[in-house]
Amino acid sequence: MKKEKGSTFIDKIWDMFASVKFAVIIFAVIALTSIVGTIVEQQVEPEKNIVVLTKLFGESVAPDIYNILFKLGFMNMYHSWWFVALLLLFASSLIICSIDRLPRILKLVNEPIHPIPVEHLGKMTIKKTLDIRGKIPDIKQTAETALKAAGFKPSEAPTGNGGLQLYAEKGNLSRLGVYLTHISILVILTGGMIGSFFGFNGYLQLNEGETSSVAYKDPTTPIPLGFEIRCDNFEVYFYGDSDMPKDYKSWLTVIKNGKEVMKKTIEVNDPLKYEGITFYQSSYGTGMDTDSGIFVLRVSSKDGKSAEINPMLNDKFTIPGTSITGHIKYFSPALALDPEGRAYTYAQQMLNPATYIEFTEAGTQKYSGWFFRRYPNTWILPDGNKVEFVNYWGVEYTGMQVRKDPGVFIVYFGCIIMALGLYITFFMSHRRIWVDIARKNDNIKISIGASANKNRAAFEGKIEKLARILGAGPEGKK
Amino acid sequence: MEIILFEVALTFYFAATIVSLLELSKGTRTTSRIMLGLTAIGFFIHTLNIITRYIVSGHIPITNMHEATSFFAWSIVLIFFFLEYRYRPGLLGSFVMPGVFVLMLFSSLLPRKVEPLSPMLRSYWLGIHTSLAFIGDAAFAMACGIGIMYLIQEHHLKSKKLGGLFRRLPSLQTLDEMNYKLITIGWPLLTLAIITGALWAESTLGSYWRWDPKEVWSLITWLIYASVLHLRLRAGWSGKRAAILSVIGFCVVLFTFFGVNFLLKGFHTF
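If you read the protein sequences in the order shown, they are chains Z and B.
Following my numbering from start to finish, the first sequence increments by one per residue and tops out at 525.
Following my numbering from start to finish, the second sequence increments by one per residue and tops out at 1096.
Check the hints yourself; a few may be wrong.
Pairs of lysine-lysine, DSS-like flavour, derived with a Cα cap of 27 angstroms [what the hints assert, rightly or not]:
#1 B/Lys986 x B/Lys1066
#2 B/Lys1066 x Z/Lys68
#3 B/Lys1040 x Z/Lys102
Treat the hints as calculated values from the structure; they're not laboratory data.
None of the values given here were measured: they were computed from a predicted structure.
Please take these sequences and the hints and turn them into a complete structure.
In structure tokens:
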């Protein structure tokens, strides 16, 4: 901190930033303005928020309030210039507060502990005196052992008249824990800024079989990836018989310069990462034309001959080793039966895909029926032959979040420092202890004084224990 | 099975609440012991209820409003026993058990069906993130209760009503100390909950921070308690001011928990 002549204005600014009240005011302003962003939805079409504002303030003023809020940047407030400025003020206050207090803290950390006059021990926050019988060297021995057991490295100073004082401290570095916490916040903010300046946040929708070399920030802004990504397959898994999805997966291939360089199956909690760009499974759906897909069927005869075939709707196939022909007549992405047993399609999503196949042998119709992908018991034909409905490929699409965030590891690093800093700040303390042993008439008088900058109650318990040990020392019977 | 356990726990908490309220007007060591005993039995059965539900559903039972509220009440009782063990404050139960009972009653009115988990929640972070958040919030709840006790005790002192209730309530100094202790437990836990939430969101949604209403309200809560700590340590705001701030802070916690789910949109709504 510079103190040039005539820089009183700078001094005043410095003092303002160094005061805790100013910091708390910034906290409060950030907190209060943030509330607005949780009420008006961020980065959405104006209509949505006008509806919200109408509910809150009435129809007549809602558009005006919307316009005012819009001009002030509240529709994307967490990225607005003034909110970023608030965060910078917050960071400045944090830095200046920390620097301002550093000399005092360093003094407390570095200043070695001294012996102090016995009458001062009685004024300490933790104190204890006891009179016992015994010899000074023995008592000293007991006290030293007990202090060492508690993690202290005691020093010794004579106090005259054969008496002495043991003194020790530990955890003086714990006073710096709060700095670790403060630095971690700055690290996290830096990581966040790096992410928002050098990263992007987009999405990509790929049909089964489709390849793309870009992701999209919005429908009209493609972002080049620097490689290509292909969706080989997509699957949804359900809870039991319900239509409630349990998990969904995409089989992806990364292609760089025409070569397949990576293959990975992504699911909701398990993304694919390549060259700093991460693909997260986020949604899925079924295309408009559900009849254009390719079936994956495993057809087997009752004597065990089988083949995997890939027909399309209206195609015909033969069960291996027989002269039975199957004709794929219908497909439904979500088939259900009404109370009269008639089949109908209840959704355009691939919830319960089913196909209707008609079988003929030598020109005569043998049997026909619905094969459900989700129900293997529908796969077996009356004569023991089998048509496994493995997949219906090419009509579903996978929706992915595509993100590049070079700041994310900095943020993680900040989080680790923060956890460490919090532990040191709240669960460790700078503890100092003085044990004065002096002759008093025929007895020995022990005075203990101690201080801890945090968790005093816990330290007090330790001192009680020390006093008990001393009181019950080898020759310390009262 | 788990529903019966819930009802039994609720009944014990109810009995403990009645005794704790009687204690306010006429308390002895015996009533205090009865209250603690009833609460302990209730807590034990409540724990069994949570374990059973865990076994039935295969994940920590915290994913709908009924479960979350019940888990919140459980966390508060947990912190209550910690304080009882550590400080043995008088009459704390009278200020905590009614709140626990109201939460449990509210929870009992909500649908209790064990729902399958959406793919987004199927992660080991679910247990870590939510239990940190709830135990942290429980510490704030307790700090609020202690804050109210502080204000009552201070009112007694000011108006010189040094009667029975005054003598049975803990001293202002103990209350202030407990209040501080609780915030130094709650705030680091809240911080860890936010950090683990960020890690989880990063792996699931592709972003560690999306300014979702729940995230923003957690940040607001975090800033409030950060202020409480800084004002206490650096500007000497202890005692009455700290007590009032911890009551305000807990109102924000409650809004973050209930208000955001019921009024605002976002990923955390059940």
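Against the structure, the hints:
no. : hint                 : result
1   : B/Lys986 x B/Lys1066 : holds, 17 angstroms
2   : B/Lys1066 x Z/Lys68  : holds, 18 angstroms
3   : B/Lys1040 x Z/Lys102 : holds, 21 angstroms
Hint compliance for this structure: no hint is broken.
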